[in-house]
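Engineer: Line by line, the protein sequences give chains A and B.
Here the numbering used here is used: position 179 in the first sequence is 1537, and no number is missing along the way.
Here the numbering used here is used: position 59 in the second sequence is 1417, and no number is missing along the way.
Hint data in this document are derived by calculation from the structure and do not stem from the laboratory.
Careful, some of the hints might be misleading.
Treat identical chains as interchangeable: a pair holds within one or across any two.
[Unchecked claim] Taking lysine to aspartate or glutamate and the DMTMM-like style, the derived pairs with C-alpha atoms no more than 25 Å apart in a straight line are:
no.: 1; residue 1: K1516; residue 2: E1775
no.: 2; residue 1: K1449; residue 2: D1688
no.: 3; residue 1: K1369; residue 2: D1390
no.: 4; residue 1: K1782; residue 2: E1742
no.: 5; residue 1: K1578; residue 2: D1688
no.: 6; residue 1: K1567; residue 2: D1530
no.: 7; residue 1: K1586; residue 2: D1688
no.: 8; residue 1: K1369; residue 2: E1407
no.: 9; residue 1: K1567; residue 2: D1649
Protein chains: 2
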Amino acid sequence: MPMDNNDLFNKHQSLRITNVQLNGRPTEVLVDEQGLIAGIGERVGESAEFTLDGNGGMIMPGLVNTHTHAAMTLLRGYADDMVLQEWLSQKIWPLEAHLTGSDVYWGTKLACLEMIRTGTTTFNDMYFFMQDAARAVGEMGLRADLSYGFIDLSSPDKREQEIKATETLVRDIRSMGNPRIRPAVGPHAVYTVSPEGLSWCAGFAAEQKTGIHIHVSETKTEVEDCMKAHGMRPPALLDRCGVLTHRTVAAHGCWLDAGECRLFASRGVSVSHNPASNMKLAVGRAMPYPDLAGAGVNVSLGTDGCASNNNLDLLEEAKTAALLQKFAWDSPTVLPAPEAVRMATRNGAKALGIPSGAVETGRPADLIIISARDVCNTPCHNLESNMVYACSGNAVSTTICDGRVLMHDGHVPGADEVITGARKASSDLVARAREA
Amino acid sequence: MPMDNNDLFNKHQSLRITNVQLNGRPTEVLVDEQGLIAGIGERVGESAEFTLDGNGGMIMPGLVNTHTHAAMTLLRGYADDMVLQEWLSQKIWPLEAHLTGSDVYWGTKLACLEMIRTGTTTFNDMYFFMQDAARAVGEMGLRADLSYGFIDLSSPDKREQEIKATETLVRDIRSMGNPRIRPAVGPHAVYTVSPEGLSWCAGFAAEQKTGIHIHVSETKTEVEDCMKAHGMRPPALLDRCGVLTHRTVAAHGCWLDAGECRLFASRGVSVSHNPASNMKLAVGRAMPYPDLAGAGVNVSLGTDGCASNNNLDLLEEAKTAALLQKFAWDSPTVLPAPEAVRMATRNGAKALGIPSGAVETGRPADLIIISARDVCNTPCHNLESNMVYACSGNAVSTTICDGRVLMHDGHVPGADEVITGARKASSDLVARAREA
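Make a model of the complete structure from these sequences and hints.
Structural biologist: Right, here's the structure in full:
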């Protein structure tokens, strides 16, 4: 089947994936017209409509990025190496003030292209103009939980606006009727949302049965300011407002203490580890993975946005996580490769409550194929070690989400148009900000 | 010019590189038959034998990896996530005991392939069977300083063997008459080489005018053991033995104190920063970049060997360096992107005393082209930021060393044979070790 056969791409069909390895053994995988894995083994899909040759690569669950701001791809490299507050107030916020829905559409398309290329099939996103983000995700074929960044700054008027924006987003996304795209509720953080706002978000998410996506204890300043303002640390405040649930993904969590790790475990909160962002912004402490894992918290992986990373490569992030955890907690045995792979796959799916994250019959066909002939897989003493420590997302040759082929042999249909559109949106955005 | 035109590859010729950007401006570069940059500007090389289309990419100096053990690619992923001493004594050393010259040849070829793909044109290597490594480097077309890892363990007999091995290597490499491949002297470290051995290495390197390649203050244990054995810290011992010179590359340097940074500056020693290895092995402290840079020490970048990284991607290493330095020294302004790029290019060339490291007329044509259409360069607000924080070595489309084209448009002639040969060498090595 030639690479330019666009019949293969982005649609439901019965699909036989041949010539792949699973757990070190050669096999085939059959995907059905509903986008589910219908069979695994030799000759499972001889009657399938399409056959996709895996070229001997390793088939794995698609990666799940549990914390990002996808459209910030437009700000990649716009400002770096600055003190957090200056970086935000002098560079990021002034540019974001000029963002339009069209920018978010193009930025999210670029993010989706980057995620498809690097093996991510699902992401958890928080930003603005999320209806436009949803349109981009729908076109690109990924799975996403999309939340509007709810920021009331303790103003009742602003709170009313944010409530309306959140309600509208949930309604608009549900009206799309795309099962891959779900709304979530996104109270930004304890320093940007009042307790009243937090409580409303918790109640609305429970009523609507959506996820909750929030930044928690990213910096020491956040913890200290919360103590000053509310007499308690962020997790206690969030718990009082009902935000800590089994549908909640808490991003960062660098300054959680041991008791807070146990609280998160008891509430079923998942924590999204964002090591590259935390190091780049020098937040001063690594997420306490040993305490979280010891308490039984589900820990997943996120890239954060491209202004503070500056890419969306989740395999690169897995390496950074495995390295940072060893360095920060002074032990080379912390976060071994198999656990890092699990964070990027199964734990991510669990954090978002979706049934993918494993290559098993009956699960959604969210699948990637890692090239076996890549230098990073030569030799292959241990696939999980190679995935985490040697390969980047560039080793991904094929990406399938919901049974739809989004990339095969490195080819993503329409990639050039996305790059051209995003480049134009980004330079227009900077020009508008300069003129203002 | 078609990609399979092997006339283009790995030979001296006059070469016109068109359609590239330098410092943000479109230009052309002319390379002459001696492998030097003969001109930069519009239409500089209209009479050249070959024309190479840069596809609008960014032309940069080739990267310089100042600390690696190239043939350890064969051990990639063989053992990870272990305590250093157990990892060495139970896994790495038992396997290395079965290494042959042929293994080192194939491991070094694989390393060269990986470096060519990721934009490294020069490396500083220390290992065993270095005549076989030299043969591999010669065939692959890179530039390298090769040293035999001198380890006498305080035994006079062993010392005599190591002296002979070092003398033989210097003679053998010089007899190859390949100006791209130079011998260096490689006293392994203060905990594996006696003061007598160190002094001999220093004297021989001075006499032969070669570089010195040594591990220095990688772990706290190394510093403490040196204090116990010699009553002084590693830099003082090395200085007493004459090892600290302007031809010396000290790898790691994690546990250097402020006075030692000043000592290195006064002696002209270069330090090779190996952040991924240091984090993976949890050495407990980051190389003190602010102190070293403040003292005026030339700091370059190295990947270390593939058993402790586990790849040779120097752009990935530049990101890890920029992130680790910020995190470890608690400031997001430490090691900004332009300095990280300089470490990977100009500072590396300076560490080895070679005139490459910049795109300037008269310098060796050690050049790479970074793809402008890659997602990691979209948008391109700042090329140096993208190179360090967004791109990996995968964004490199073309690699030229000494004026010879080693990769163009991602194509390296003979890559498949190298992968097949290295894979076989690696599995044979593991089989021999299992049978023993």
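Engineer: For each hint, tell me whether it holds in the structure or not.
Structural biologist: Comparing the hints with the structure gives:
1. With identical chains, the CA atoms of K1516 and E1775 are never at most 25 Å apart, being 37 Å at best within one copy and 64 Å at best between copies.
2. With identical chains, the CA atoms of K1449 and D1688 are at most 25 Å apart between copies only, with a shortest distance of 21 Å across copies and 35 Å within one.
3. With identical chains, the CA atoms of K1369 and D1390 are at most 25 Å apart within one copy only, with a shortest distance of 11 Å there and 52 Å across copies.
4. Taking the shortest alpha-carbon separations for K1782 and E1742, only the inter-copy value of 20 Å comes in at or below 25 Å, while the best intra-copy value is 39 Å.
5. Taking the closest pair of Cα atoms, K1578 and D1688 come within 25 Å of each other both inside a single copy (21 Å) and across two copies (12 Å).
6. For the identical chains of this complex, K1567 and D1530 are intra-copy neighbours only, at 16 Å inside a copy versus 72 Å across copies, given an alpha-carbon limit of 25 Å.
7. Taking CA atoms no more than 25 Å apart as the test, K1586 paired with D1688 passes between copies only; the shortest distance there is 23 Å, against 32 Å inside one copy.
8. When the C-alpha separation of K1369 and E1407 is checked against a cutoff of 25 Å, the pair qualifies only within one copy, where the shortest distance is 12 Å, while the shortest distance between copies is 49 Å.
9. Taking CA atoms no more than 25 Å apart as the test, K1567 paired with D1649 passes in neither setting, with 29 Å inside one copy and 53 Å between copies.
Of the numbered hints given earlier, the model fails hints 1, 9; all others are met.
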